[in-house]
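These protein sequence lines are chains A and B, in that order.
Going by the working numbering, the first residue of the first sequence is number 1, and it counts up by one from there.
Going by the working numbering, the first residue of the second sequence is number 1, and it counts up by one from there.
I should point out that these hints are in silico values taken from the structure, not numbers from a laboratory.
Note that the structure is predicted; figures quoted are calculated from it, not measured.
Even for Gly, the Cβ is constructed at its ideal location relative to N, Cα and C.
Be careful, since some hints might not be right.
To be verified - Listed next, with one range per pair, are the computed distances between beta-carbon atoms:
1) A:D103 <-> B:D268: 53 to 59 angstroms
2) A:R393 <-> B:N10: 27 to 33 angstroms
3) B:R128 <-> A:N340: 41 to 47 angstroms
4) B:D103 <-> A:R293: 48 to 54 angstroms
Stated by the list, open to error - Some chain B residues well away from chain A (every beta-carbon gap over 12 angstroms; in silico):
5) G53
6) E70
7) E115
8) L391
To be verified - Keeping only pairs whose Cα atoms sit at most 16 angstroms apart, straight-line, the calculated EDC-like set for lysine to aspartate or glutamate is:
9) A:K214 <-> B:D342
10) A:K33 <-> A:D111
11) B:K214 <-> A:D179
Given next are the chains, with one letter for each unit.
There are 2 protein chains.
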Amino acid sequence: MSGEWVSIENLKNYEGKDVEIRGWLANRRSSGKVVFLIVRDGTGFVQTTLSLGEYFDKESLKTWERLPLESALIVEGKVRREERAPGGYELEGRKVTLVSSSDEYPIQKKDHSVEFLMENRHLWIRSRRQNAVLRIRNQVMMSIHEFLQARGFTLIDPPILTPAACEGTTTLFALDYFDLGKAYLSQSGQLYMEAACMAFGKVYCLAPAFRAEKSKTRRHLTEFWMLEPEMAFYDWQDNMRLQEELVSFIVQEVLRKKRRELEILERDTAPLERIQPPFPRISYQEAIEILQRKGFPAQWGDDFGGDEESVISQEFDRPVFIHHYPAAIKAFYMEPDPENPDLVLNDDLIAPEGYGEIIGGSERIHDLTLLERRIAEHHLPREAFAWYLDLRRYGTCPHSGFGLGIERTVAWICGIHHIREAIPFPRQIYRIYP
Amino acid sequence: MSGEWVSIENLKNYEGKDVEIRGWLANRRSSGKVVFLIVRDGTGFVQTTLSLGEYFDKESLKTWERLPLESALIVEGKVRREERAPGGYELEGRKVTLVSSSDEYPIQKKDHSVEFLMENRHLWIRSRRQNAVLRIRNQVMMSIHEFLQARGFTLIDPPILTPAACEGTTTLFALDYFDLGKAYLSQSGQLYMEAACMAFGKVYCLAPAFRAEKSKTRRHLTEFWMLEPEMAFYDWQDNMRLQEELVSFIVQEVLRKKRRELEILERDTAPLERIQPPFPRISYQEAIEILQRKGFPAQWGDDFGGDEESVISQEFDRPVFIHHYPAAIKAFYMEPDPENPDLVLNDDLIAPEGYGEIIGGSERIHDLTLLERRIAEHHLPREAFAWYLDLRRYGTCPHSGFGLGIERTVAWICGIHHIREAIPFPRQIYRIYP
């Protein structure tokens, strides 16, 4: 009579059947003749009723009603439809097997400090909300692959150990690399993606990136994951169209497949339902005007911080593109606007609801002479960029790409305040444990 | 009359239609009245015929027959079925637009040294064989996600910056981490996956890993990608079953979807067709006996090198599991065999055709006392493992996992000699450029 081992998220396919759940005790209560065990297995939570009678005597019920939280156990029982249950189903328990009894679990219902929870991140990820956030992250990652692969993109893993900086050297982690001197942890795979798009047409990487920034804001991690697509023969407008389609696809897929997780997070889904292309597009100049109208002392040439981004995004009900920034405040590789070379053919995508920038993209300089000049103007080490310059010698063509921050995107979709919860094991300037 | 921009791999869907191809000149030849341009766009190669007549005059044909290799161009034409063409189709050219004329391309038909090709890796990846290898790599990565996601696994990205070593400190890259002392680049996400499997049930990471090893063999890189699944409530035999199903799925998917790339690589596919579960299983003891029978001076307690693995794998027509190694030569976290604690419940999976180990896996120690003893015996820093020990305090359960080396797997499937070609931008002890 022993049933198949199934996951809680799949219980709906086993109504009326005997199954086995393997997991951990998340909660329990008792009403004398019935003990209720809330079991989690990582895919969901299910209530199991243990009733005095055929399968459980008084003695055994006493054991189970005292079982320490987080004990590992195997529960056998019959799946029953139960409207009031969170997942819509519960188990009529037939047999419980204890795998291990837990020590007193340090994370209790009571409020813990963030510091305590981060120190116990290896346990905190078991909690209902953290589990939901990271399952949504999984969905975001998979939707990215699905979207890009269907459009003919090739995944090209970038090197993490690099001989030079992509965007300056002040925020680099450095290490000794055998007899070759210093190596640096990659801040971006972009330059390598540019080489790869000349070989594969449309490429992307989805990989960790590193910034040794001393920022302590809720939007910064020293180690984060970034999606970086790069497309040969795409101009800056093709680039924006791809971005809005990708972001919309990600959000709609999360809504379609991770509804239960969004409920656990009590995420208001109305703003997410609106995420459909096209997204509004404003120029940097228009963004400055919005800020000035709102009373910000913004001047042409300023870059935007989190506060400015929030104010701009409040004007729109979906993500907004800001394009044509001043060249002076953007990276060396961005293609200038042919009509006004003080501006670049770039875009930043600002998420709604105050979540700030989630994408930075641009058309790239494809002319050799101009790129050489920019590298000199930015005092970058020319020899480290020799291979990058080669791309402009042999079959150069207009090309564009962008970087999407995974944690910022996940934090926005989940509606969580700090991006440290959007990555399994966050790294910050004051945290490298666990 | 201008056609849609399509990729070469999709030409089969446009027979008789006008299309546009954007790419680079891979080769050309001329027969007086017809110029043949072989164009690549990263998804394939197609021959375009430019014929004297309606669309091209003598003058323009002269231009195109002299076009430097690797020049970027846009070709418009009609798709025609052509049995003799490699992809089965060719283009009847109507119009060619030059995007950029290339400088003389450094990689020519003539043989180049490996050193030269590696120094020009950013260009070398454009060549037919390198393109095929990395497109197969893309397929391997996607098949891994597809297989595991369908089985309820959650992707959990591991931290790369870690406070301690997983398997000893001699081969670690170290760096300064703000005021927190040294951080180390991860050699494996396994310990973090163990924490995650207690939170999500079945998890995996697919991420870069680092070993500062001074090995110069064809099987070593300092930076490589590794798949590491970890499953709560799996024993070592469940673990092996998952491995053989995964590896078989990957190989069969490459055969199904990347047939053209395998042809470019002239890969004999017969040995790949045989990759179906179950795989043979031999014990470490049996492996030693095979080696001794073949005249190797192997002794119980020896670890196997590449030569030994090759000899063992020659006995079998598919990958072979070697299980029950001596505990003394394996990692501290492996569960001992209850019937003989000198052995561990592990497995190495050896690829056929001399490609060596592609997987190492085991059941993990889940008893707190035993794990504490092992950490002490291996002189590992206990404080760094405090969180890892917690996993044995709160709801511990039998669990198992494994690591699959992406580059070794890709090299085997592609039939290439050195794993440096199985990663876009390889890092070796004497190479960090480009």
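Hints versus structure:
Against the hinted window of 53 to 59 angstroms, the Cβ-Cβ separation of A:D103 and B:D268 comes to about 56 angstroms, which satisfies the hint. Roughly 30 angstroms separates the CB atoms of A:R393 and B:N10, a value that falls within the hinted 27 to 33 angstroms. B:R128 and A:N340 have their C-beta atoms about 42 angstroms apart, which keeps the hinted 41 to 47 angstroms range intact. A beta carbon spacing of about 50 angstroms between B:D103 and A:R293 agrees with the range 48 to 54 angstroms that was offered as a hint.
Residue-level check passed: B:G53 sits 28 angstroms from the nearest beta carbon of chain A, beyond 12 angstroms. Consistency note on B:E70: stated as away from chain A, yet its beta-carbon is not over 12 angstroms from all of that chain's, at 4 angstroms minimum. Under the 12 angstroms C-beta cut-off, the non-interface status given to B:E115 relative to chain A holds; the minimum distance is some 15 angstroms. In this structure B:L391 is not separated from chain A by more than 12 angstroms, as the shortest Cβ-Cβ distance comes to only about 7 angstroms.
A hinted pair counts as satisfied when its Cα atoms are at most 16 angstroms apart, and A:K214 with B:D342 does not qualify at roughly 49 angstroms. Of the pairs offered as hints, the one joining A:K33 and A:D111 is violated, with about 32 angstroms between alpha carbons and a cut-off of 16 angstroms exceeded. Among the hinted pairs, B:K214 with A:D179 is consistent with the structure: their alpha-carbon atoms are about 11 angstroms apart, no more than 16 angstroms.
In this structure, the hints that do not hold are numbers 6, 8, 9 and 10, in rising order.
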